[in-house]
Amino acid sequence: MPALLRQPLLHFLAAGLLLFLLWNWLHPATGVSADRRVIQINRETLLEFLQYRSSAFNREYFSIQLDGMGDAERSRLIEELVHEEVLFREAIELGMDRNDYVIKRRLIQKMEFLTRGFAAATDPDDRQIREYYEAHRDDYYIQPQVSFTHVFFDPSIHGKEQALELARTTLGELNRKQIGWNDALAYGDRFLYHNNYIERTPEYVASHFGAEMAATVFRLGSDDRHWTGPFASPHGWHLVLLAERQEGYHPALEAIAGSIREDAREELIQGQTDRAIAEFRSQYRIQIADLDRNGNAAGTGKPQASRTGPDHAP
Numbered sequence: 001m002p003a004l005l006r007q008p009l010l011h012f013l014a015a016g017l018l019l020f021l022l023w024n025w026l027h028p029a030t031g032v033s034a035d036r037r038v039i040q041i042n043r044e045t046l047l048e049f050l051q052y053r054s055s056a057f058n059r060e061y062f063s064i065q066l067d068g069m070g071d072a073e074r075s076r077l078i079e080e081l082v083h084e085e086v087l088f089r090e091a092i093e094l095g096m097d098r099n100d101y102v103i104k105r106r107l108i109q110k111m112e113f114l115t116r117g118f119a120a121a122t123d124p125d126d127r128q129i130r131e132y133y134e135a136h137r138d139d140y141y142i143q144p145q146v147s148f149t150h151v152f153f154d155p156s157i158h159g160k161e162q163a164l165e166l167a168r169t170t171l172g173e174l175n176r177k178q179i180g181w182n183d184a185l186a187y188g189d190r191f192l193y194h195n196n197y198i199e200r201t202p203e204y205v206a207s208h209f210g211a212e213m214a215a216t217v218f219r220l221g222s223d224d225r226h227w228t229g230p231f232a233s234p235h236g237w238h239l240v241l242l243a244e245r246q247e248g249y250h251p252a253l254e255a256i257a258g259s260i261r262e263d264a265r266e267e268l269i270q271g272q273t274d275r276a277i278a279e280f281r282s283q284y285r286i287q288i289a290d291l292d293r294n295g296n297a298a299g300t301g302k303p304q305a306s307r308t309g310p311d312h313a314p
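Position 148, counted from 1, in the sequence shown is what our numbering calls 148; the numbers after and before it change by one each time, with no gaps.
Certain hints may be false.
Here are the simulated distance ranges between beta carbons [stated by the list, open to error]: (1) S282 with R53: 33 to 41 Å; (2) L114 with A91: 19 to 27 Å; (3) E262 with N99: 51 to 59 Å.
In silico EDC-like cross-links for lysine to aspartate or glutamate, where the CA-CA straight-line distance does not exceed 20 Å [to be verified]: (4) K160 with E212; (5) K110 with D189; (6) K104 with E90; (7) K110 with E244; (8) K160 with D189; (9) K177 with E161; (10) K110 with D100; (11) K110 with E266; (12) K110 with D126.
Derived from the structure by calculation, the hints contain no laboratory data.
No residue lacks a Cβ here, since even glycine has one placed at the ideal position from N, Cα and C.
The whole structure should be built from the sequences, with the hints applied where relevant.
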């Protein structure tokens, strides 16, 4: 027992519970009073209503907004609050909050939000940021990119052999005349996709030309600034004029420090949240029934027998 009391996670949960109770004491639920038929409207309830309705919790901002309201606008706000509160209380009176999965999910979300909120103050130090980057380095890899234009020759129009021969003949003409990107549009046949490709990744090029031709284009060197080909794709034959090719690389930590810090912080928060929820779960006994294919207790035909789950022994 003394060892348990020294657990940091237990301290975290205890502090969270105290903060939660303090918050509810300082900010009582909207309109709650000893008499359930009395709905109390004051500045605090109006500010709380404004914030929850907008899903934005900024007391200073909504205080300014509330103070700037005219009588008519303030009356409409009060009417909306009263409308919601009346229906909410009647629903509770009728027991609509019981066995309602939508409400259950909402309460679960609020608990997750509360648990996560207490971990949100976590901020990784430089060592944790570097360790995170090294562990997730490939997630930040910048893919190779290529920029090029092409002239297409369609076998469905010319026939396979004739299209290839036409491509070879045109290749010499394009280089002899030093045809550039704009003038290349006057040559070849209409292609299913684009004529020009700017800073495209291997996956993108492969999706238009097939993996084999994409690999060929990305192998073109910096000295291949003239028309090359013909290259085969599932569509036909292509002549390619390379403009630029950029190798893939892992950016330096310093270049993306902001993104790395945020991602590392998110991982720390999620880790603390998961541990807090695991601590909650450890307080429960999970019993799982031995079921047959019909969902009944195995061997009985009736849904009754159960066994203790993995979290705790009986």
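The hints, checked one at a time:
In this structure, S282 and R53 meet the distance hint of 33 to 41 Å, their C-beta atoms being roughly 37 Å apart. The hinted window of 19 to 27 Å between L114 and A91 holds, with their beta carbons roughly 23 Å apart. The beta-carbon spacing between E262 and N99, approximately 40 Å, falls outside the hinted interval of 51 to 59 Å. Straight-line distance between C-alpha atoms of K160 and E212 comes to about 18 Å, which keeps the hinted pair within the 20 Å bound.
Distance restraint check for K110 and D189: the Cα-Cα separation of roughly 60 Å exceeds the 20 Å cut-off, and the hinted pair is therefore not satisfied. Of the supplied pair hints, the one linking K104 and E90 holds, its CA atoms being roughly 18 Å apart against a limit of 20 Å. In summary, the hint linking K110 to E244 is not supported, as the alpha carbons are separated by about 51 Å, beyond the 20 Å threshold. Taking the CA atoms of K160 and D189, the gap is about 14 Å. The hint holds against a cut of 20 Å.
Among the hinted pairs, K177 with E161 is inconsistent with the structure: their alpha-carbon atoms are about 25 Å apart, more than 20 Å. Proposed proximity of K110 and D100 is supported: the alpha carbons are some 16 Å apart, at most 20 Å. Of the pairs offered as hints, the one joining K110 and E266 holds, with about 19 Å between alpha carbons and a cut-off of 20 Å not exceeded. For a cut-off of 20 Å, the pair hint linking K110 to D126 is broken: about 32 Å separates their Cα positions.
When each numbered hint is compared with the structure, violations occur for hints 3, 5, 7, 9 and 12.
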